[in-house]
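Colleague: Residue numbers (the numbering used here), protein chains in the order written: chain A, 1 to 115; chain B, 1 to 219.
The set of hints was computed from the structure by calculation and includes no laboratory data. Ideal Cβ placement from N, Cα and C applies to all residues, glycine included. Some clues are possibly wrong.
If you only want the chain B side, here are some residues facing chain A, beta carbon under 10 Å, derived [said to hold, decoys possible]:
1) F91
2) G92
3) M97
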Amino acid sequence: MKYLKVIGILLLVMTVLSFLLVIIIPNFYMHSAILFLISYSLLGFLVRNWKYPYFSGYMVACFIVIANTIFGDVILDIPLLFTPDIGFWSFILAICLTMLSVFTCRKFDFGGDAA
Amino acid sequence: MREAGYRYNQHILTILGYSLIIGIPLLFILFNLNFYIMSLDLGGQENILLLFSSIFMFILLLYPFYVLYDKTEQDEEVSLRMLLGCFVHSFGPILFMSLLVMVAVYIGIALFMIPGIILFPFLFLFPFMYEPGLAVKQWIKKTIGFHNNHLITIWVQILFWGCFVYLLWAALLSLVSYFEMQPMTFAILRMVFSLMVYPFVIFGISEKMIELKREDSRL
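Go ahead and model the full structure; you've got the sequences and the hints to work with.
Modeller: Written as structure tokens, this is what we have:
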């Protein structure tokens with residue numbers, strides 16, 4: 001259940017922030033980069049106290065990336081899923097960012113004890 | 001129903017706040033999905049998808065109102081912040097479970113309707129049976145047990161409240177039939193209607209659900 005909860009929170013944050021950030025940052029590339037940074041850092045922050053934080057962060061990041069690309073493919077008709085460089089770079093970046101964020105949150109002990 | 005009306009009146013400000021912060025953006029996004037589905041040409045199947053997305057509007061708003069009713073019945077304090085927390089935490093599980101059930105119902109409809117009709121009440125049951133901290137397996141088991149115990153009551157509730165919403169909506173549409181009906185007007189009208197009527201409907205169903213759950217726990 002906690003995996004589904006975190007995925008739901010992330011989807012909500014992505015949706016809400018993508019609408020709000022359009023007002024502040026009109027540039028499309030900057031907008032998506034900042035959204036990417038914020039959401040995957042948040043993922044690392046959310047999973048930092050779990051039993052297997054790195055593995056959970058990795059799996060949830062993979063799921064979110066696949067869900068986003070499927071959404072783009074099915075609803076928006078943008079062929080993201082089977083484009084190797086986009087898939088590759090969003091996977092690598094998302095996973096690295098999540099790992100980095102988990103590492104930082106555990107290292108500096110944000111918000112309670114890291115078990 | 002009288003109790004539901006009383007609670008609705010009691011918490012009208014909280015309900016309005018929740019509708020403004022969560023309800024309007026959520027329904028706005030789902031209406032855009034509706035318009036997208038309307039533009040598709042799937043040979044009649046898009047009507048089923050439209051029905052699903054309309055049900056989705058109800059399901060995703062549901063759980064915080066259920067908590068609101070449950071807490072006030074036990075004389076506990078309820079704040080808007082708590083409702084927002086409830087929505088954020090329950091969004092993921094309810095979204096994914098209802099998506100799964102929707103796919104199952106869709107496949108069931110393709111298999112000569114009857115499996116789809118049998119699975120249909122689970123769409124409404126899963127959000128009502130959600131509890132934070134419950135494992136997914138337990139959640140499914142509990143819901144199936146509840147469904148099997150109270151099959152007739154659940155169907156009566158679904159049919160009754162479905163007719164209630166349908167008739168009110170038809171009455172409202174005939175009232176505004178002089179308007180120039182553009183898709184946007186339709187969406188805003190439907191949105192206002194949903195945000196006014198759905199809390200009452202959810203309170204009405206919650207009343208019955210809590211009664212049935214107590215009955216189950218006594219046995």
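Colleague: Work down the list of hints and note, for each, if the structure agrees.
Modeller: Against the structure, the hints:
1. F91: 4 Å, holds
2. G92: Result: holds, 2 Å to nearest chain A Cβ.
3. M97: It holds, given that the least Cβ distance between B/M97 and chain A is near 8 Å, below 10 Å.
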